[in-house]
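Heads up: the protein sequence lines correspond to chains A and B, in order.
Going letter by letter, the first sequence gives residues 1 to 489 in this note's numbering.
Going letter by letter, the second sequence gives residues 1 to 500 in this note's numbering.
FYI, nobody ran anything at the bench for these hints, they're computed from the structure.
Bear in mind that the values here come from a model prediction, so they are computed numbers and not experimental data.
Treat the hints loosely; a few may be bogus.
List time: in silico SDA-like cross-link candidates among lysine to any residue, alpha-carbon distance up to 25 Å [said to hold, decoys possible]:
no., chain 1, residue 1, chain 2, residue 2
1, A, K369, B, T102
2, B, K160, A, I426
3, A, K369, B, K160
4, B, K160, A, L292
5, B, K160, B, V291
6, B, K187, A, W414
7, B, K160, A, Q298
8, A, K369, B, E103
9, B, K160, A, L394
10, A, K369, B, E21
11, B, K187, A, Y324
12, A, K369, B, Y156
13, A, K369, B, H151
14, B, K187, A, E483
15, A, K369, B, P25
16, B, K160, A, A289
17, A, K369, B, F19
18, B, K160, A, E440
19, B, K160, A, L295
20, A, K150, A, S359
21, B, K187, A, D480
22, A, K369, B, N153
23, B, K187, A, G411
24, A, K369, B, M159
25, B, K160, A, A418
26, B, K160, A, N299
27, A, K369, B, E152
28, B, K187, A, A484
29, B, K160, A, V421
30, B, K160, A, I422
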Amino acid sequence: MTITAADIYLLLPLLLVTGTVVVAMTAVGIKRDYTTTAIITITGLLVAAIAAAVLMSGTNQQVTPLLIIDQYSLFFTVVTCASAMFIAILSYPYLLALDDSREEYYLLLGVATVGAVVMVSSNHFVSAILGLETMSMSLYGMVAYTVHSKSAAQHPLEASVKYLVLSAAASGILLFGMALVYAQTGTLAFSSLVDLADSSRGDLGNDFTIVALLMITAGIAFKLSLAPFHIWTPDVYEGSPLPATTYLATIGKAAMFVILLRFMEASEALAFEGILTILSLIAVASILAGNLLALMQQNLKRLLAYSSIAHMGYILIAIIASYYVDGRIGIEAITFYLLAYLIMSLGTFGVASMVSDSSKEYDSIDDYKGLFWRQPVLAAIFTAMMLSLAGIPLTVGFIGKFYLFFAGVEGALWMLLAAMVIGSGIGLYYYLRVIYRMLEPAPESGVFNRSGQTASAFGVVGILFVLLLVLGVYPAPVIDLIEAISAYI
Amino acid sequence: MILVTLIAILFVGGLVAWFSERISPTMPRLVALIAVTLDLLLMFSLLGAGDAGGWVATFEADWIPRFGISFYFAADGLSVLLLMLTAFLGIIAIGAAWGEITERSGFFYFNLLWTLAGVLGVFTALDLFLFFFFWEVMLIPMYLIIAIWGHENKHYAAMKFFIFTQVTGMLMLISILVLAYFHYVQKGSLSFNYHDLLNVSTAGSMGMWVMLGFFLSFATKLPSVPFHSWLPDAHSQAPTAGSVILAGILLKTGAYGLIRFTVPLFPEASMAFAPYAMALAAISILYCAKVAFAQTDIKRLIAYTSVSHMGFVTLGIYAWNEQALQGAIMTMLAHGLSAAALFMLAGGLQHRIHTRDMSEMGGFWPKVPRMTAVAIFFSVAALGMPGLGNFIGEFLALIGAFQANITMTVLAAFGLILASVYSLWVLQKVFQGEYRNADFDDSHLTDLSRREMIYFALMMVGLIWMGMYPQSFLNMSEPALTQLLTSTQGVAVAVLQGAL
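Just chain A, same shape as in the assembly:
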């Protein structure tokens, strides 16, 4: 196996992210400086995102058996690197006052992004696991990053250990499933499992395949925090520092979903009726459990954790629909919704981390009381993000929901659509509760820390806000782009 210069060229975004980490590490070795490390990381991620965007037109090929560099993976590389850059910018003021070494945080963030880029470019079990573990390992560190800080009020160690133990168990199950598939197909590439029973290669029967697929599904469902594998989510979200939560909730979910999508399409696992039923049950359970449990939350991070469970359930409907429909509408719906979900989650967590820092997080809903009258700009952005999560028109969340409904209608999945309508209805209640809290008269005391509200942080949430509205009102260009790239799955 030789790697040519052309291959290297295609791997440029991945190499740029890796290089960024190396440069940042070297810089820390020469002289510890928080600002320099942050700038190196942010610039590197930006360059990587631009490189991926430039490569995007007309690149579609397998680079080494492990990585597929096509328009779809490059699209998500752009999205991942851009999101990681936004998170890095938001992290800067958050960690500024930390009474501990701060530079290594950016190394972890960079390495996690390397993992995420590998994940979105993977159509092979080896690269999937490599990417996943690279990302998870860095996330354990990011979640526990404030552990030595005396003033950190959260429980980062608890969150990190919980995440580590459960995530490792899930990885184990996932690996076991992959081994079983390997026993069946003799290859670690994602490949069709249908009709294996008829082939001459080691015939272990359909039941064997289904067990393998179930284990893989369970492992992935854990990482996506789908019910009933969602138990860890609220605790980890609540205990982690906000930028780490943001990373976990956005890039962590999106990259995993891309793997799930590629695997489901390549393996044709949905042709097994049992898997289809299981996925439908998981979708309904996630939608109902996520929305119902979010109702009573007083903590914003826990609320968002439960709402993310529900959102993952919604997207799962499109995966199921992709089996029933002729065209690519299911894949398009997933892609658009993931993009929408990234924008609105980044925005919501972004606002929350702007008003917080590593010594004090404002993550109770009551903290936001009267925000609309104290800081109208911030509150308007936050309101728009909440409305988008609820799927209200003028926002990208609505177009996303429209896509999912459309996929569901084409697939004639009436029960799942009914679950989604009920779930969204319940969802309105808790999103509106947050908005209502912001509209209430402002209390006398309790002004937020303004140190996080730097111009660059405002720039980030501002960009997200504009994206939210533009994609909500005039989504046609992005829809065309997604239609084009979805042909490669």
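For chain A, the structure is supplied; the task is to place chain B on it using the hints.
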């Protein structure tokens, strides 16, 4: 283009109003008034004959070609009538808010104008996706109006209003999507265009389910029993201007949706469903009139009478003949004015004595003679006195409905009697009898100001005009109705022949 301009003026006007608060707290109301008045004046250019299909203005541009979605606005006589009602009541609502809204006025007028913009969009959008878009756009500002400037229980009321309309809205979205998918299956391409979708065959049980998705959404907005329970809460908690918009305009969007979309798009299913819809209408009329008696909160009482009066609209629509439809439209217009006026009176009372509880009121006549006179006028209008608009509407609706379903029409007609009873009962409770001043501070109980008199007079002129010369309104909606009726005629004949 004029239609887009009308909507854009309100959207931009809303933003300007919001920012103009920085100049002066009284600037926003001025900006809002100018924007809505400008809209109303521009609408006079729409008073024309229109083309063969009755369309006086259209605008079309690509939006999301992937799904066959376009910016397609068009107005016929029916739309124009409702557009003018919207702009007119918009001005009245600004008048109602003029002295009442003093806090955060910029944001209030922003919300008010955006609600109106959403309503204008609903009345003119002929792409179903676009229609749904505006259908939802008008919700959020309305939610904010109730949630911020409402009364003691505003959180509950705003939430209930939003969840009811939004959840049924989602069912409508699914129905719209299924309909577009029908078009894809039958014609080979996706389209959300109203005229394309009219050609889709929707017979069969699937058509019935899809129709119910639309019906549920519109019946909740209308509202019709059993989906009406959000309305009394929303009305009693909303500020006066909010009630005016809600009762005067937002309820009419539900009726408009039934006329424009539900019946023409699903003629077979609607014909089959008509007896049930008319039964719901009769139940709404009688039940809500009865419930109105039990209220002590004056705004809740008026809210229930609204539901009752809107029952005549549903009755007329599902009779689906020209007289009944004309009656439904006249009722919509007349009720828009009379309900708005009654809510303003109730709001005015609340503003003066800080209570809506009728058991604490009584004998106000000598203290506020002008207000009493106005109240008598509008109560009498609401109960259907000949010579005023409401009478024409309900009378035509009943005549038309009688040809379609005698039982339900006879039952519904009893609603007229109940209406006179509760209207006069309110007058007695509030304005006649002994004056009791023990329970509240009556130092602010002053008579109507000149500003208030002006907008009540405007509404009186409107109602008298409707009552005395209804032909000017009937002529406008007639071409549109003829068009709608011919589009469903084939089905009606087929159904009748099947019955014979």
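### Message
Between the alpha carbons of K187(B) and A484(A), is the straight-line distance 25 Å or under?
### Response
The hint holds at about 24 Å.
#### Entry: Holds or violated: K369(A) to K160(B), with C-alpha atoms at most 25 Å apart
Holds, at about 21 Å.
### Task
For the pair supplied as a hint, K160(B) and I426(A), confirm whether the alpha-carbon distance does not exceed 25 Å.
12 Å, holds
#### Entry: Pair hint K160(B) and E440(A), alpha-carbon separation not exceeding 25 Å
18 Å, holds
### Satisfaction of hint between E21(B) and K369(A), Cα-Cα up to 25 Å
23 Å, holds
### Query
Between K369(A) and Y156(B), does the CA-CA distance stay at or below 25 Å?
17 Å, holds
### Task
Sort out whether W414(A) lies within 25 Å of K187(B), counting only the CA atoms.
23 Å, holds
### Query
For the pair supplied as a hint, K160(B) and L295(A), is the alpha-carbon distance within the 25 Å limit?
15 Å, holds
### Message
K369(A) and P25(B) were given as a pair; does the straight-line alpha-carbon distance stay at or below 25 Å?
### Response
24 Å, holds
### Query
Is K160(B) close enough to V421(A), meaning Cα to Cα at most 25 Å?
16 Å, holds
#### Entry: Given pair status - F19(B), K369(A), alpha carbons within 25 Å
23 Å, holds
### Message
Checking one constraint from the list: CA of K369(A) to CA of T102(B), max 25 Å. Satisfied?
### Response
21 Å, holds
Checked against the numbered hints listed earlier, the structure breaks none of them; every hint is satisfied.
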